Amino acid sequence: MSSVSPCDIYIMKKLQYERPLIQRLNTGLMNKFGMRTEYAPVSHIDDVSVKKLLADFGSPLFVISEKTIRNTYKEVNRAFKTRYPKVQFAWSYKTNYINAVCNVFHQEGSWGEVVSGFEYQKAIQNGVPGNKVIFNGPDKTDEDLTAAIKNNSPIHIDHLDELYRLTELAEELKARPNVAIRVNMDTGIYPIWDRFGFNYENGQAWDAINKIILADKLELIGLHCHIGTFMLSPSAYGIAAGKMSDLALGIKRKFKRDIQYIDMGGGFASKNTLKGSYLQGADSNPNFDQFAEAITTAILNAGFGKDELPLLILETGRALIDEAGFLLGTVISNKRLSDGRRATIMDFGVNIMFTSFWYDHKISPAQEFSNYTEDCVLYGPLCMNIDVIRENVTLPPLKKDDQVVVHNVGAYNMTQWMQFISLRPAVVMIDIQSKPHLIRKRETLSSIESSEVMPEYLAKFKL
Amino acid sequence: MKIKKNIALSDTGFVFNPSTGDSFSVNPIGLEILRKLKDNEPHEKIKKHLLDSYSTDADSVEKDFYDFTKMLEQLQLTEADAK
Amino acid sequence: MPSKKVTVAVTGLNNVDSPGPGIPVIRGLLDSKEYDVRIIGLSYDALEPGIYMHELVAKTYQIPLPSAGIASIMERLKHINSVEKIDVIIPNFDAELYNFIKMAPVLEKELGIKSFLPTMEQFEERHKANLSDFGEKYGIKVPKSKMIFSTAEIASLTKDFTYPLVVKGKFYDASVAYSPEQAAQYFNKISAKWGLPIIIQQFTYGTEVNVTALGDGNGNTIGAVPMRKQVITDKGKAWAGITLEDEELLNITRKLIRNSKWRGPCELEMIKTNDGEYFLIEINPRTPAWIYLAVGAGQNHPEALLKMALGEKVKPFEHYDIGKMFIRYSYDMICDLKEFETISTLGEL
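Protein chains in written order, with our numbering: chain E, 950 to 1412; chain R, 569 to 651; chain C, -13 to 335.
For the record, the hints were derived by calculation from the structure and aren't laboratory data.
Here the structure is a predicted model, which is why all the values come from computation and not from measurement.
Even for Gly, the Cβ is constructed at its ideal location relative to N, Cα and C.
Keep in mind that the hints are not guaranteed to be accurate.
What the hints assert, rightly or not - Simulated restraints, written as ranges between beta carbons of each label pair:
hint	chain 1	residue 1	chain 2	residue 2	range
1	R	Tyr634	C	Cys321	16 to 24 Å
2	C	Gly181	E	Asp1324	43 to 51 Å
3	R	Ser623	E	Asp1088	28 to 36 Å
4	R	Glu647	C	Lys(-9)	28 to 36 Å
5	E	Asp1088	C	Thr259	25 to 33 Å
6	C	Gly98	E	Gln1368	52 to 60 Å
Stated by the list, open to error - Pairs of lysine-lysine residues, derived as PhoX-like cross-links and limited to a Cα-Cα distance of at most 25 Å, are as follows:
hint	chain 1	residue 1	chain 2	residue 2
7	E	Lys963	R	Lys613
8	R	Lys604	E	Lys963
9	C	Lys123	C	Lys241
10	C	Lys324	E	Lys1224
11	R	Lys570	E	Lys1284
12	C	Lys324	R	Lys606
13	R	Lys616	R	Lys570
14	C	Lys175	E	Lys1224
15	R	Lys573	C	Lys324
Stated by the list, open to error - Away from chain C, derived, C-beta distances all over 12 Å, residues of chain R:
hint	residue
16	Lys572
17	Val583
18	Thr646
Okay, chain E solo, but in the shape it has when bound (with noise of 0.2 Å):
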């Protein structure tokens, strides 16, 4: 050897370190060539380190790509408004509900749209007017829609009961509400969720329609669907759009007047994978395109005169924030199951990651390694024998301390998690500039026991 660099003698005293793996080869099973995108490694989100991000913040760590959500929703504007007049979006506030993501997509331009007067308050506080917050749901107080009464914020009627007392309210406080009902249909996919709202088929929609106009007491001024969640069929979508401008387009010939709005409701699917679907969600499921096209087709085809055309609502939540969330975690330890399988325990579990009940999300390495992977199954930190992230996942061999990347997490997990065994971890945005901020603090004991309330007799003890 002729010449030796200061860096080659630095790699000659000590190799990358490696666990010493061992696998069989098991025909029928594709393990390490051409995988590397399975875990390739994912170092930086926004350009901010992710060990950097888990030394400042602490593990784990939900992080939020505010990039990510205006690019998604500026996507879903374009399919929606190159191929349909007039389009607003509502964010879904229960698909996360903090009020940094809240507003990212108020900046953007949509309204809000909730399902409890707990909901209803954020938005309000949020800034957004009234007229401008959805009102969804069976479960509306008193309390509740004495407010979106008189901040005259559209209320969607979800059964009978309601548009009976909300008619009553109306009197008591000598307003006319704006509303809208709230209708379910068959539109191919099952199961039907019948339970939402007044049905198409058996005519209750008809009848409360008619109960609305004729009463009058209540301004009937949208119609308003939502078929399903993780939709994987546009053609479905496109059905109900259908089904929807049938029924307004009814009540133009009857009572001779035009609703202002379709609200399709959301459900669109996000990239996220399934568990037992064979293909990658990425790959397979429908883009904003796809959804956009089956229903603004339906509706102008219709049968809408030219100025008529409906106001499109569409309340999207899942597929405009999944990708944008990030659950970044630290490996806790390795174990070998008894039958011979790898385990690996990770600090998140099921707690604060409830979608890994329905999805196989995509987990990257945070740093390099060789292209060696290893079939492992993912448990969660919790001593319960449900925590388990991923059933069966081949990833490099991960060491204690070592960090990961979970993808897609953006939709649900900071609304259902659960303050379970552990707190809850801190959420980051990144912002445009590639910027962390922190929007939600990490628990703290005391965030939890300041509204536990102790009787005087329990307050002390001797062991």
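For this one, chain E is given, so just place chains R and C on it according to the hints.
Below, chains R and C alone, put in the same frame as chain E:
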């Protein structure tokens, strides 16, 4: 613990057990350990070698070496009677 | 001597008792009088027999399973293409078609790899669950069928159906039920494996006949050869078969291809009833494993497919030999462990 004498190791990390017909793949560090085990190097010496040549710590080497050799036993690549 | 050189990548090298169509497709390609074809095998498993058939396959590469996703597959194909410079790719498995149909424009634009596949719309609308709609849309008789979502729906089936019925899974599996009890039993068994819905189809008495066909995407049938299975394995695969003279069956095939503008190869599984009616049971959107019978009978579909992929105009076949038979056999190749080691550890051989 001894590796069965007839186990074939190749440079590509292919391991073949002629008495069972099973084949396996190992990563480079796994291959290095297997070769040393086959040459009957004492375990302590192998671990020392790993610690000297790789950027790692004694705990990791101890734990991973134990796990790896347990896997070799489970995969029936070791002499059954030798402990 | 064929003069034009071309490199074709082919999947489906699993020439086993329930064979993939790769090897018969390759034999057709190698029979070409015009093209000097170099075959690159693409395999999913180190024991697919085609990997070791060096007289047919110049070199084989392992590729990731369809479930790994398009990004992984693209990356692997990029690597293979950088070494082998592939002109045309012929995927032969149902499960990989979705990805390949999606990737086709990118493969052609970025890597210069051409293909000739059904459109996504064609691929989707011929799914088992959609077969009734498909038949109605293109004027082909399909046994009455219905999707059901719970065993509670079985009791009312007799309004529209008479036993026996075929109980089918969304993607795979089918059993013939002779009573509601049996139907419920199969419902549970199949739904546990493949999920919902379950498809109930009227059982049709008659003879199963199959057609392998090739559409040009403009409604023209480039080739079509009907066949009846003479020996069937316990997996329901043909082990011997014979070409038929059946103008009616060919007319139905041409009609289906004309109306649907089918692009690429397909196999139609039909039942001919005792009254001479034809019912479409299933469409496979790819070449069947018995395709070499068509080649032997005078219609080299794989070669025609290659030409269409290359953008050449292909004249429809007008003739095939009636009464040509194929008899499948198995054959034990002797292979070296070294070869298995190479494909297993390096992913290519």
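So, going through the hints one by one against the coordinates:
A hinted range of 16 to 24 Å for the beta carbons of Tyr634/R and Cys321/C is inconsistent with their spacing of about 37 Å. As the Cβ distance of Gly181/C to Asp1324/E is approximately 24 Å, the hint placing it in 43 to 51 Å is violated. Under the hint 28 to 36 Å, the C-beta atoms of Ser623/R and Asp1088/E, about 58 Å apart, miss the expected range. Checked against the given bound of 28 to 36 Å, the beta carbons of Glu647/R and Lys(-9)/C, roughly 55 Å apart, lie outside it.
Range check, Asp1088/E to Thr259/C: Cβ separation about 57 Å, and the 25 to 33 Å hint is violated. Taking 52 to 60 Å as the suggested C-beta distance range, the pair Gly98/C and Gln1368/E conforms, at roughly 56 Å. A C-alpha spacing of about 17 Å is found between Lys963/E and Lys613/R, which places the hinted pair at or below 25 Å, so the restraint holds. With a C-alpha separation of about 19 Å, the suggested pair Lys604/R and Lys963/E falls inside the 25 Å cut-off, and the hint holds.
Proposed proximity of Lys123/C and Lys241/C is supported: the alpha carbons are some 12 Å apart, at most 25 Å. Taking the CA atoms of Lys324/C and Lys1224/E, the gap is near 38 Å; set against the 25 Å cutoff, the hint is violated. The hinted pair formed by Lys570/R and Lys1284/E meets the criterion: a straight-line CA distance of about 23 Å does not exceed 25 Å. The hinted pair formed by Lys324/C and Lys606/R meets the criterion: a straight-line CA distance of about 21 Å does not exceed 25 Å.
Straight-line distance between C-alpha atoms of Lys616/R and Lys570/R comes to about 18 Å, which keeps the hinted pair within the 25 Å bound. A C-alpha spacing of about 19 Å is found between Lys175/C and Lys1224/E, which places the hinted pair at or below 25 Å, so the restraint holds. Using a Cα cut-off of 25 Å, the hinted pair Lys573/R and Lys324/C holds, with the two alpha carbons roughly 19 Å apart. Chain C leaves Lys572/R outside its interface by the beta-carbon criterion, the shortest separation being 17 Å against a cut-off of 12 Å.
The beta carbon of Val583/R is not kept farther than 12 Å from every beta carbon of chain C, the shortest such distance being approximately 10 Å. Every CB of chain C is more than 12 Å from the CB of Thr646/R (nearest about 21 Å), matching its label as outside the interface.
Checked against the numbered hints given earlier, the structure breaks hints 1, 2, 3, 4, 5, 10 and 17 and satisfies all the rest.
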